[in-house]
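*Asks:* One-letter residues, chain by chain:
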Amino acid sequence: MQGKDLDKGLGIKTRRTIAYVVLGIVTFFCLCWFYILFINATRSHGELAEGFTAIPSTHLFENFANLQAGTLPIWNGMINSIIIAGLTAALSVYFSAMTAFALHAYEFKLRKPIFTFILMVMMIPTQVTALGFVRLMDNMHLKDTFIPLIVPGIAAPAVFFYMKQYMEGSLPLSLLEAARIDGSGEFRTFNTIVMPLMKPAVAVQAIFAFTTSWNNYFTPALILETDKKKTLPILIAQLRAADWLKFDMGQVYVMIAFSIFPVIVVYIILSKYIVGGVALGSVKG
Amino acid sequence: MKKNGNVVRFNRWGYIFLIPFIVVYLIFSIVPLVSTIYYSFFENFMSGLKQIGPNFIGLENYKALLTGGDMFTYLGNTLLLWIMCFIPQIVLSLILGYWFSDSRMNLKAAPFFKTVIYMPNLIMASAFSMLFFTLFADSGPINSLLVSIGIFDEPYSFMSHIASTRILVAVMNLIMWFGNTTILLMAGMMGIDGELFEAAQVDGATSTQVFFKITLPLLRPILVYVMITSLIGGLQLFDVPQILTNGTGDPMRSSMTLIMFLNKHLYSKNYGMSGALSVYMLIVTAILSFIVFRINNYGADDRR
Chain A
1 MQGKDLDKGL GIKTRRTIAY VVLGIVTFFC LCWFYILFIN ATRSHGELAE
51 GFTAIPSTHL FENFANLQAG TLPIWNGMIN SIIIAGLTAA LSVYFSAMTA
101 FALHAYEFKL RKPIFTFILM VMMIPTQVTA LGFVRLMDNM HLKDTFIPLI
151 VPGIAAPAVF FYMKQYMEGS LPLSLLEAAR IDGSGEFRTF NTIVMPLMKP
201 AVAVQAIFAF TTSWNNYFTP ALILETDKKK TLPILIAQLR AADWLKFDMG
251 QVYVMIAFSI FPVIVVYIIL SKYIVGGVAL GSVKG
Chain B
1 MKKNGNVVRF NRWGYIFLIP FIVVYLIFSI VPLVSTIYYS FFENFMSGLK
51 QIGPNFIGLE NYKALLTGGD MFTYLGNTLL LWIMCFIPQI VLSLILGYWF
101 SDSRMNLKAA PFFKTVIYMP NLIMASAFSM LFFTLFADSG PINSLLVSIG
151 IFDEPYSFMS HIASTRILVA VMNLIMWFGN TTILLMAGMM GIDGELFEAA
201 QVDGATSTQV FFKITLPLLR PILVYVMITS LIGGLQLFDV PQILTNGTGD
251 PMRSSMTLIM FLNKHLYSKN YGMSGALSVY MLIVTAILSF IVFRINNYGA
301 DDRR
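Chain order of the listed sequences is A and B. Just so we're aligned, residue 1 is where the first sequence starts under our numbering, counting upward by one. Just so we're aligned, residue 1 is where the second sequence starts under our numbering, counting upward by one.
Chain B side only, calculated, beta carbon under 7 Å to chain A, not exhaustive:
| id | residue |
| --- | --- |
| 1 | Phe28 |
| 2 | Met105 |
| 3 | Pro141 |
Rather than coming from a laboratory, the hints here were simulated on the basis of the structure. Please read these numbers as outputs of a predicted model, since none were measured by experiment. Beta carbons are placed, not taken as given, at the ideal position from N, Cα and C, and that holds for glycine.
Kindly generate the complete structure, drawing on both the sequences and the hints.
*Replies:* See below:
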């Protein structure tokens, strides 16, 4: 029995070696870009013009200081991005959990139709309603404000779906009965019993909602007009649209690093939860 | 009787908890959706500084898009870019997913590799695209590397050749999305009954046979799901080519996607055309979404 693997096809050891080699190559192609980015962000414009080397230089802070002194309002961009992505994530997880709770814990006539409706619209991209969205925001005098970028997070079908899936597995209805017997109101039960139980799901979805909003370029570019209100992706686009050869390339690399590395740091800290949480929200197992 | 009354009293809360979602969805999604469809029936654009319309013109915008040819060119570009990314992605993801889920392989470093391959998915697409633009520029580090090791005699202008521009877009999307696909397929493979593998092993099947005779057929629903959701995502392709080509889709608009086309109309305030284009895209994504909905068969195994 033991020898079977070796007789038929490749042995397990050979296959494992092949797997490690392929994974090594794949890892290289995932990470090398960020390594080059890091190296180049530390090099001065002159050094960059000389060609590529793999050794970091010493000009990181100098490049950053130059970028800060330049015309791109990067700190505004950073703060705007943090405000928008942070609030979107907070609203999105809280209200999606609330919506999921409504459909999980209560029995009412429209329960099923509403659930089906949310699942049907889950995949519809926001881009296809962007025209009506932008014009409506214009009519409501909300253009060039953060509201159209934050408030829609309250109704996030994909986040809702994840929360609902999670509740099915980890929120027994008997718990709510017990809370009622103890005289807890429904709203209080949701805040003090349900939300703490949902912590793992909340963490995963908060990260996803945050990065989605942080990386979003299409909608903010249509909504925000004032330079000081713009988010990082719009500033990146401006950097690209400017005659970039005139730029100090060291600054360009620092700007890109500045937009990418915060997410990478958060990811490295929380990756365990993120990778484990990816599958739950999409395929019904 | 009392219990019944209680249940009804509590169930009222179902509606109360739904209020925020419904109100926000109505204002920020349904109203824009309806008005997008409404605008699509009007002639409404700026000609220089002069505002034309809005005049009701029925289906003229739809006809103009169908006969104008641009839309089909961009649809072709979008689909081509998607296929160029999807085929290598699904092959790679199937292999990696199989290795990760195969208990006999017992890859010790699997959590590390999963973490690494998923990471690019969270990277800002516009920043990643800008990074590629600078790295592959005529005077960028990739060119200097290729020249110095003697592959090219002089810098290759990646951004002025159709094939290389498209390949760059596809490669970026591949790097950003194969980790996500791998994890979904892996989850699907882990869901397959382990006894099937054991039985095959006892019968002396090689792992290649196991993969093609057991894993792949049983994985079909998830493969279709992955393909359709990837296609829906692919049709939305925007950030990467928009930043890489500065919105032009050059060379010769060969990497102009549908959403870039829509974005162009939105910026030039051609509301009629962008409305009609949105409705076309809405119909296509709605059909694709419906397929996903049916595959997952949501609701059928709902608790109540």
